[in-house]
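S.K.: Each chain, letter by letter, is given below.
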Amino acid sequence: MKRLLLGMLFVVMCLAAPAFADPPDHYPFVSYGDGLRLAKQQNRPVFLYFGRYGCGWCAKTNKESFSDPDIHRLYTEHYVLVYVDAESGKRLKLPSGERITEAELGARFNAFATPLFVFLDPQGKQIVKIPGYKTVQDFKDFDRYVNGGYYKTQTLLQFLGRKSS
Amino acid sequence: MIRALAVAIFIFPATVSAAPWQFDQPIDVTPVHGAKVFHHVEAAGRKSIAVSGASVAVVWEDNRDGVSRCYVAVKRSAESGFEADRPVSGGKEAFEPSIVSLHDGRFAVAWEQDGGVWSRVVSATQMGLPLKLAGPGSSAASAGFSPRAGLWIAWSQQDGHYAGIHAEKLGYAPAADRLAPGMAVSVDGAPLSGDQLYPSVAALQTGGVVIAWEDRRRGHTTIMYSHAGTGGKFVAATQMNETRRDARNAAVGPGTGAMRVALAAEAGNSVAAVWSDKRDFLSGYDVYAAFSSDGGAHFGANQMVQDGFGDNTPQWHPAIASDRRGKLAVVWDDNRDGSPDIWLAWPTASGWSDNVNVPGAAGAGVQSDPSIAMDSQGNLHLVWLEKQAADGPTRLRYEMGRAVADRLNTQK
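So the protein sequences, as listed, match chains A and B. Just so you know, full-length UniProt numbering puts 105 at position 105 of the first sequence, and the rest follows in order with no gaps. Just so you know, full-length UniProt numbering puts 78 at position 78 of the second sequence, and the rest follows in order with no gaps.
No lab work stands behind these hints, which were simulated from the structure alone. Do not take every clue at face value.
Now the in silico label distances, taken between C-beta atoms and shown as ranges [to be verified]:
#: 1; chain 1: A; residue 1: Gly-149; chain 2: B; residue 2: Asn-312; range: 45 to 55 Å
#: 2; chain 1: B; residue 1: Gly-81; chain 2: A; residue 2: Gln-137; range: 54 to 64 Å
#: 3; chain 1: B; residue 1: Val-252; chain 2: A; residue 2: Gln-137; range: 16 to 26 Å
#: 4; chain 1: A; residue 1: Pro-122; chain 2: B; residue 2: Gly-300; range: 45 to 55 Å
Cβ atoms here follow ideal geometry from the backbone N, Cα and C, with glycine treated the same way.
Using the sequences plus the hints, can you model the full thing?
M.R.: In structure tokens:
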């Protein structure tokens, strides 16, 4: 019975997968609704990754930055990881009770570019929104800014400016 | 800021006064709203409003009783408001209703219900029996009708590994409330090599039918289309959106994105399309359009609909309507003025008009998710969502733009 269920699950995943873009391998990305619930439960910030089917800069980011073992460790330890395909009609539920699609979530975050990375606090409030391809060092800086709590007193630009000076 | 002021002071009065529609005050479509009620106007092809004879009908989904269901409300032109809304769907949950005029005071509605696709006839006073068109794995229904082409419903349906676009011509006798099943066909005869999603249907005055959809066969999302003549056999699919490679994205990924195409049948054998297009990938989705004058056999060069003042702002939810005599309008929402508003453009003798925000559907708060229809006099009927906060409850709003004579010269 268990094998049958697993088999059915595999088939469903195979059927469903092509409609959505791909998050980086080996990261425990969850849906937006699940991520917000987990963030509250665990009092951890959310790392929200907006991708798009066929997004070349997302693929480049996955290959060159998310493959780094330090990034993997920092982001899986410090954040609830959420991946959203900004063109997808996949449905999700917001904490307000509203049912929307992943594409609609992209519109509400004004996801003008992909990849788009958004850090949210454990209550789901936006900390910072960062568009475009980013390097390993960039992601390390973002982690220090958010996980170190610097976002409470300065903007990301201020933080990065002081870091380089 | 300075540029916004310049627009407000010098440009807007001119464009508003030149707009081919003068808008009435907005009204609610349904009195049902509140803290936990969320309306959705998101039909494939963005066909959530239609005009038939002296009736305007709006379809949407909301969660008033704790689950997603589809509703319809009808307004007769002699009345000042909409009549009480009625549920269209049954089952456990339903989504994304699409509506089309049947031209005799009736409408056809198609929607997703419990993973399948259903359709039925509605009017101001009657509601025909629902007809199930497709089973599990089916979604994103869209409808089109003309007296010569008949009633067509298209949807996306899981066919093994990928979803494909299916279409069915339903039997409909004028002045009847009953639909008769037809034969569902795959619109694209080629083996599926990527998902096909969110179709839109245009039934032509001359009897043909055009269907466009999102397509992922090329590794990124493109807009594809096909057409069938009166014989009902669809030709091989063709890509509608032009893909652009420049120094910024050369050799990075398979291509930029395009999504949520919407079609409008124009006069005779003509059809217009709009969609969201991310070819300028640094500024988000833009609204692009293309036209066909040969029944959907070919679509011409892509045209950017929004004006330069919207360049740095993503545009969302483009919708299109035509009166089948040459008048055409495109609406969408964007937040170039600081919060999402409904914006309007139309073809002119020198290209697309400047963009104007729709009075009553712009200003403080969020005005988004528009859908439009045009009646036989060229009046524009608009429905949209309004809310005071991005994640707040919604109101479903409607207003009519009355056609102003001699202000609409089209050139495509």
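S.K.: Quick check: which numbered hints come out false for this structure?
M.R.: 1
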